[in-house]
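Asker: Chains as they are written, first to last, in our numbering: chain A, 1 to 288; chain B, 289 to 448; chain C, 449 to 529; chain D, 530 to 1281.
Read the hints as simulated data drawn from the structure, not as lab findings.
Just so we're clear, the structure is a prediction, and the values are computed from it rather than from any experiment.
A hint or two may mislead.
Derived lysine-lysine pairs resembling BS3-like cross-links, with alpha carbons at most 30 Å apart [stated by the list, open to error]:
#	chain 1	residue 1	chain 2	residue 2
1	D	K966	D	K1154
2	A	K85	A	K286
3	D	K842	A	K85
4	D	K709	D	K842
5	A	K259	D	K1154
6	D	K687	D	K709
To spell it out: a stretch of chain A is covered by chain B in this simulated footprint if at least three of its residues, at any positions, have a beta carbon under 8 Å from a beta carbon of chain B; those stretches are [to be verified]:
#	stretch
7	39-53
8	181-193
Selected chain B positions facing chain D (in silico; Cβ < 7 Å) [unchecked claim]:
#	residue
9	H293
10	L306
11	C330
12	F381
13	L382
14	C392
15	L417
16	L419
17	L423
From the three backbone atoms N, C-alpha and C, an ideal C-beta is built for every residue, glycine too.
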Amino acid sequence: MSTIRYEAPTTLDQAVRLFSANPNASLLAGGTDLLVQFRAGLTQPSTFIDLKRIPDLTGITLDGSGLRLGAAVPAWDICRHQDVKRLWPGFVDAVGLIGSAQIQGRATVGGNLCNASPAADTIAALIVDRGQCVIVGPDGERTVTVEEFCAGPGLTVLRPGELLVAVRLPRPAPRTADAYLRLIPRSEMDIAVAGAAVSLTLDARGVCSAARVAIAAVAPKALLVAAAAEALVGSSVDEQALDRAAAASSSAARPIDDKRGTAAYRRTVAGVLTRRAATIAAARAKDR
Amino acid sequence: MSRIHVHTAINGEPAEFLCDGHQTLLGALRDELGLTGTKEGCATGDCGACSVIVDGRLVPACLVLAAEAEGREIGTIEGVATDDALHPLQKQFLEHAALQCGVCTPGFIVAARALLEANPNATEEEIRLGLAGNLCRCTGYDKIVRAVMDAAVEMRNAVR
Amino acid sequence: MAIVYLPHALNAYTGGRSEVAIDAPRVLELRAALERRFPGIQAELEQMAVAIDGQIHHDADYERVEQRTEVHFVPRVAGGA
Amino acid sequence: MSEQTFTTVGTRPIRHDGVDKVTGRANYGADISLPRMLHGVVLRSPHAHARILSIDTTRARSMPGVKAVVTGRDIPLVQAKLAMGEAALDLRDMGDNLLAHDKALYHGHAVAAVAATSLDVADQAARQIVVTYEVLRPVLSIEQATARNAPILHEGLKTIGRPTIETKGPTNIAGKLELKLGDVERGFTEADVVIEREFRTPTVHQGYIEPHACVAQTGEDGRATVWTTTQGPFVVRDACAGILGMDAARIKVIPTEIGGGFGGKIPVYLEPLAIVLSRKAQRPVKLVMSREDDFRASGPTSATVIRMKLGAKRDGTLTAASTSLWYEAGAYKGSPFGAGAMCVLACYRIPNFFIESYDVVVNKPKVAAYRAPGSPMAAFAIESVMDELAETLAVDPIAIRLKNAVVEGDRAPYGPSYGPIGLKQVLVAAAAHPHWKAPLADSQGRGVACGFWFNAGMSSSATVTLNADGSASLVTGNPDIGGTRVAQAMMVAEELGIEVDRVRPCVGDTDSAGFTDVTGGSRVCYATGAAVIQAARDVKDQLRARAAKIWDVQPDAVGWNNGCALPPGAAADRQPLSLTELAPQMAKTGGPIVGRAAVNLPMAGPGFAIHICDLEVDRGTGKSKVVRYTALQDVGRAVHPGFVEGQMQGGAAQGIGWALNEEYIFDENGVMENAGFLDYRMPVTSDLPMIDTVIVEVANPLHPYGVRGVGEVPIVPPLAAVANAMHAVTGVRFTRLPLSPPRVLEGLVAAG
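Next up, chain A with everything else stripped away, as it sits in the complex:
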């Protein structure tokens, strides 16, 4: 334990080289998952490679094509970015739900993705917002969708030596908005027992022309629920459409019983939250 090294590369190249040379290294962004796992003896890295001094990972860039969010930007900074908040209120809500104000000062979206917890708050939101993961490794750069990025609990598609550099979100179409809701037992500080994200587009008459629905904490990874989206498309997001969407989410859920909730409970709540998130997203889309 006393021989663990700490490295803080200042360029992406350095980071990639260091990581390739130290396959047992742990990449450190916010550390809110990594250091807890390390303390619990779940991971024994040879080196901590701190990514927070690399400009490619720590910037927020917004242009005509959309957002490029550095993987190591802390939640606190994202929540205070007024333009990002305006364009993706659901995603920013999800970011804002991660832990406490203290945790927000550390936790990153990149870390949330790489930790690949089924209960991660941002992943479902990123999925409905058509997020893309920018990955860099010894063989260069590649991009995968967020729904592909996580493979299961704690598992990602990152290959040896690769690291997540940024997340890209395309600019939302007109009259499009997102929403994310989760259920936790307390008002703050808990891990989601179930979560639901919805992004939808309304046409001029208020009819839903496109939708994406994703649910969290009810399967080994966040699930994109096509059936729930289909239930909303073509409707005015009315009670019947919401009921169908909720039912679709509940039946798509593949939850387990654990210390945070029962499978039956999660299944029900995934539907309830889908319904409520869709309602919020529709209201937001109307205002655009």
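Dock chains B, C and D against chain A, hints included.
Answerer: Relative to the frame of chain A, chains B, C and D by itself:
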């Protein structure tokens, strides 16, 4: 393996210390620098007792590596009072009897200061949500929230 | 005479008697008198607190039990904070 | 007594230790460091129930930097009990709990400890200790413990029954207590309504924010000094002395500031280990529990199963009660089953009752005291049933409680008559409180519940030393967990007629303070307070004698008023002498003035409370939130109302946590799955509303100012107050805690 030499600034003064690669900032503050006002309640980022400021951001010192402090500005409870006066939050915590055992108090004061500096007009609800990462088991939070609300008034008046 | 209330919990010794008048100056002698009357009871009583006219003492050996005093033997209680 | 007028009592001065605590200067358990100090790590059992076949420490001992290793062999099993005023601590069990000897009895049970030059080395060394276990089937509930052919934790365990009960063969039932009055069968036949329910509460933890921590230094002469975070420095000293076979005079315990206790910092977990390690290493040793260890291996409070049957006439008059209470003790006997039995019916006049209560050992950490031990679970049962009775009879829930409330002169269920008590007063105050009549939204409901706690007495000492400038120093032996320093200083100020800032209150160590029982049982302001007042009055008497000397009159003739000695008639020409005038003349008039007192008081007058809770429930998810809360309590006399309110608010918050989300979750092997603040869900700031308080003062005749205990009663009502509010919103009677969202939704679905 030699230890890491870290140069930083703590509460506005240059400071340096040696640490191990896996040592946390909390460990370094308490064990290397003798700044024991920052407390360990859980070591998992769930209680807020180790709240400190790093480069203007409120963070749990238990989830920061000490080596990360290189070149950063650190603020701890020991730097909240000025040479001649308690901070309004400290005064209001005392006036309101907002501490019982007092072990969560440094974390609350550091976090509440960060909260009020970012949002001087925070409502009761905003204060409660903003301080949700600081556990107190003695007070039921009532007097803490009142102390923070009154400190906010005092801080706003001082700015005018 | 002190009126001693015998708890249901000590029925094994008292045969179900619920109160008895005892002439004794202090709790120490009162317990001894009860032992003479109900053999074996003293060891149990020593584990218990004593309420004298409503006030519960944990260490009551030398407390006076005057005329028409009410004496109860009650289980000891632990407290938190 | 209620006509007493006060100058300082009832005001809200700033606590003397406050500035140190808001600036980070105050030193708590883990803040102590000594030169050459070693760091210790405790190796814990990975099994909830296992026979220890062997422990091999060879490799650990040979590691560089390792200075001492201890196992159960180093901790003698002493067949003795430590009288602690309230309850005897069994030193044998305590020794076996410190380090398992033959069997590990819960997951996390300590089996060995290492001291090394750094925490990392100690941690690595602990991993090198090889323990061979024969894993046994764990016993994880009352049902499992009492089942036929249940695994037995302690082969020799015999049920201590009052009345004596026949036990056939080995058992996990350590104790039984019965209380009885009247004819229960007849009582139920006289009833028009009988309600019967079974209630369950989970294992919960005190959740103090500062984990257990200590440093011990043993010298070449074998004398030890221990710095520790404890509610009772004298308990630590006497427990260490008893277990380790040392004279109490060879151990000095210095209490650090304490980051919460609530009963959980009365037993010893680390201190004897630190002493033995430092004796072996001849260097100071620090032991600090991680939060995880603290959950797994300190003392939470009992999970319970309580069956409650209650009968009443149509007008609400209670006729009979029959209740059976089962308390888990954890790995060793000693749950608060006796207290539970005595508390469960203590609020009401019930002419016929039968109470039986059981102490059951299970493979979980040994329970410790937790704020009014045993009473909250019992109140959950009786107060839920009272609520249902009110509903069934269509009467107001406060009115039915008033109708049956005990008053002065009524007999408590454990026998003696109550002195002046305030249950009726708090009920009347609750009925008149605006909260009780305030409108509610559709998604909201309101519940009430009462609570009772005895409040302890026990032994306390105090010393007041007058300084030549007229200020005073106060030394007592109670660690200050919630403002007791300032409250005690206020009593000195009140007696001597000086400002509270001119009194310096000090928490002494075991060498400098007279023997004092724990900070616990709600006893500090009452019992230690009484000693403080007596010591201050001793100072006053000595001052009168000094004035008499100056005036050359008889001391008895000198009066005292308002901080001044008053000349007797014989010296009517003299001016009164104030304390500030007399103090500088101490040396001339006979030497230092030191007032002292030592008391052993009977239990304080019992405390009663009623809480009103408004709960909002999300029917879609089962999630609830307390939106308004009022706690009303008889406190006897509020010395520092700010800290009295703080006790009421803090107790209410802990009880709300117990009701809504807190619980130990064990897997089938007895491993706690949520040993951290993330998943052991204590209330956070945004979970709670402001907690309104109403202080009722029915003076306690046993204290000079009328003080009665305050700290424990407020955790008693919330469990039922919340559950009753939940019923008011949902129409569902929940009998199992916590009322977590999944459980509530399940209940809603089941009810259709």
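Asker: It remains to establish, for every hint, whether it holds in the given structure.
Answerer: Right, here's what the structure says about each hint:
no.	hint	in the structure
1	K966(D) with K1154(D)	holds (20 Å)
2	K85(A) with K286(A)	holds (17 Å)
3	K842(D) with K85(A)	violated (62 Å)
4	K709(D) with K842(D)	holds (20 Å)
5	K259(A) with K1154(D)	holds (21 Å)
6	K687(D) with K709(D)	holds (23 Å)
7	39-53	holds (count 5)
8	181-193	holds (count 3)
9	H293	violated (18 Å)
10	L306	violated (13 Å)
11	C330	holds (4 Å)
12	F381	holds (5 Å)
13	L382	holds (4 Å)
14	C392	holds (5 Å)
15	L417	holds (5 Å)
16	L419	holds (4 Å)
17	L423	holds (6 Å)
Going down the numbered hints, you'll see the structure goes against 3, 9, 10, while the others check out.
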